[in-house]
Amino acid sequence: MSSIPADLHYTAEHEWLSLSADGVARIGITDHAQEALGDIVFLTLPSVGATLAAGQACGEVESTKSVSDIYAPVSGEVVARNESAETAPETLNADPYGAGWLFEVRLTDASEVASLLDAAGYAALLGQ
Amino acid sequence: MTSADGGQKTALYDQHVALGAKMTDFGGWLMPLEYSGVIAEHTAVRTGVGAFDVSHMGAIRVHGQAAKAFLDGVLTNDLLSRGPGEVQYSLLCQDDGGVVDDLLVYAGSDDECHIIANAGNALTVIDVLRSLAPAGITVEDRRPDSAIIAVQGPQSRDVVRAAGFDINLAYMTSTVVRHPDWGFVVVSRTGYTGEHGYELVCPREAAVEVWQAVLAHGALPCGLGARDTLRLEMGYPLHGNDISPQISPVTARLGWAVGWKKADFRGKAALQAQKDIGPLRLLRGIELTDRGVPRSHMAVVAGGTVVGETTSGGFSPTLQCGIALALLDSSVSVGDTVAVDVRGRHLAGRVVTPPFVAASPKDPSPAA
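One line per chain: the protein sequences are L and D, in this order.
Everything in the first sequence is counted per the numbering used here, starting at 51 for the first residue and increasing by one.
Everything in the second sequence is counted per the numbering used here, starting at 4 for the first residue and increasing by one.
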């Protein structure tokens, strides 16, 4: 059983999103995703200042055995990327909801968050 | 990721599941891909000791009058130069020089040898050998009654000894041990990792006890994921990727496994012609200097033109960079800078001659 924190939003592509009060969302991959990928060895993240549309492929997570695209869960401008996770990608395996976050986006349209899954919906997707 | 009804199970399947392995279909077998993680398992083999279930490999017994001479006349390498107890890497080729499979041949007596073939090719190897064997020579499929456990790493000798095999074997030799509990076990100083290591061919009924013994004595269970990163760091070819019916031993720079002076073997004329003309492409290594992971079947580019294609690729846990084996035009030289087209990004790398890491399976064990 993978961990699914109750206070986060989720996508069917196994990303999580945490919305702060100032309209900035932090994004990462779920515990299920890191477990399925295995040892993560490289990250490619969007540049700060880039404008993303919801659903757009904007980066890659590469493990010893495969590569997965990262899709922007919401539209907005990239305001931060986790450079320490780029240097130490194994952080995504060790702490996917904490130190292993990927990037932050200032939302163009906060209502997009409503279309994401909640923890119960994501758990149902995983069959948990 | 897991398959598939009909996936064959080794004698250790339940052990793998109980250990929490991620299972995968490989050559028609349900095999462990990883237990604790590819990098942890890889590191255990490079610095300590790991154990692999390789019972999916095809154990074949060839016996009958002059069975060894028969195999020498079919397989590429010079088997008659090997005496009882010696193990030789060899190839079964097609008449056109393409590789049916790469094999380990256990030279027994003049009238009996054993072969270990790749899982997915074992039946083809058996069919080809049977079609070529003269009357009186039997080619026997031993897979149903054997299990194979590889114990690999600088501490492998301690584990094998603690498990009851107090032996001192030179690299690429084997012996048969009668174990008090497990019956006859073939122990060989062989492997696919580049480290000092052993492979134990034991009766299927004893497999669980042998496996549990090597784990109890300190070997970390390792899956096919680590097996691939370990072999790739050594530049060992994988059949179906780096050698194949389309990629000959001349192209793959495996001429050292071809007995050129032998009167004949299957594919000799074609391979001799390739060697004389010089192959258009050669199998080389590429060590990426840019960050990223090459995979198989990616284009290799130099000076704006495609100069080759990767055949295997992955992340090297030892070097902490991407590495690949690639078929490169013979105009490309070792030391050249090339780029691998990784999903549209051209990642720079250096052409090298494998192995990528300095490990040696010939190293004496620290305990020896």
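Please keep in mind that the hints were generated in silico from the structure rather than gathered at the bench.
These numbers were taken from a predicted model, which means no experiment stands behind them.
No residue lacks a Cβ here, since even glycine has one placed at the ideal position from N, Cα and C.
Keep in mind that the hints are not guaranteed to be accurate.
Claimed, not checked - Stretches of chain L that chain D covers, calculated by requiring three or more beta carbons in the stretch to come under 8 Å of a beta carbon on chain D: (1) 67-74; (2) 147-161.
Claimed, not checked - Label-pair restraints from in silico Cβ distances: (3) L:127 <-> D:346: 17 to 27 Å; (4) L:169 <-> D:346: 26 to 36 Å; (5) L:163 <-> D:144: 54 to 64 Å; (6) L:158 <-> D:23: 14 to 24 Å; (7) L:51 <-> D:346: 46 to 56 Å; (8) D:356 <-> L:163: 49 to 59 Å; (9) L:177 <-> D:84: 55 to 65 Å; (10) L:169 <-> D:282: 29 to 39 Å; (11) D:248 <-> L:99: 21 to 31 Å.
Discussion item. Quick check: does the Cβ-Cβ distance between residue 127 of chain L and residue 346 of chain D fall within 17 to 27 Å?
Written reply: The hint (17 to 27 Å, Cβ to Cβ) holds, given that residue 127 of chain L and residue 346 of chain D are roughly 25 Å apart.
Discussion item. Just to be sure I understand the hint, the distance between the Cβ atoms of residue 248 of chain D and residue 99 of chain L should be within 21 to 31 Å; is that true here?
Written reply: Between residue 248 of chain D and residue 99 of chain L, where Cβ atoms are some 51 Å apart, the hint is violated.
Worksheet item: Okay, the region 147-161 of chain L and chain D, do three or more residues pass the C-beta test at under 8 Å?
Response: Violated - the region 147-161 of chain L has 0 residues with a Cβ nearer than 8 Å to chain D, which falls short of three.
Worksheet item: Regarding residue 169 of chain L and residue 346 of chain D, is the given constraint of 26 to 36 Å on their beta-carbon distance met?
Response: Roughly 32 Å apart at Cβ, these two residues keep to the hinted range, so it holds.
Practice prompt. Using the beta carbons of residue 163 of chain L and residue 144 of chain D, state whether their distance is inside 54 to 64 Å or not.
Written response: The hinted range 54 to 64 Å holds for residue 163 of chain L and residue 144 of chain D, with Cβ atoms some 60 Å apart.
Worksheet item: Do at least three Cβ atoms from the region 67-74 of chain L come closer than 8 Å to Cβ atoms of chain D?
Response: Answer violated; 0 residues pass the 8 Å Cβ test.
Discussion item. If I claimed the Cβ atoms of residue 169 of chain L and residue 282 of chain D lie 29 to 39 Å apart, would that claim hold in this structure?
Written reply: This hint is violated: roughly 58 Å between Cβ atoms.
Worksheet item: Taking 55 to 65 Å as the hint, is the beta-carbon distance of residue 177 of chain L and residue 84 of chain D inside that range?
Response: holds (58 Å)
Worksheet item: Is the hinted range of 14 to 24 Å satisfied by the C-beta distance from residue 158 of chain L to residue 23 of chain D?
Response: The hint (14 to 24 Å, Cβ to Cβ) is violated, given that residue 158 of chain L and residue 23 of chain D are roughly 43 Å apart.
Fill in: residue 51 of chain L versus residue 346 of chain D beta-carbon gap, inside 46 to 56 Å or not
violated (33 Å)
Worksheet item: Is it true that residue 356 of chain D and residue 163 of chain L lie within 49 to 59 Å of each other by Cβ?
Response: holds (54 Å)
When held up to the earlier numbered hints, the structure conflicts with 1, 2, 6, 7, 10, 11 and fits the remainder.
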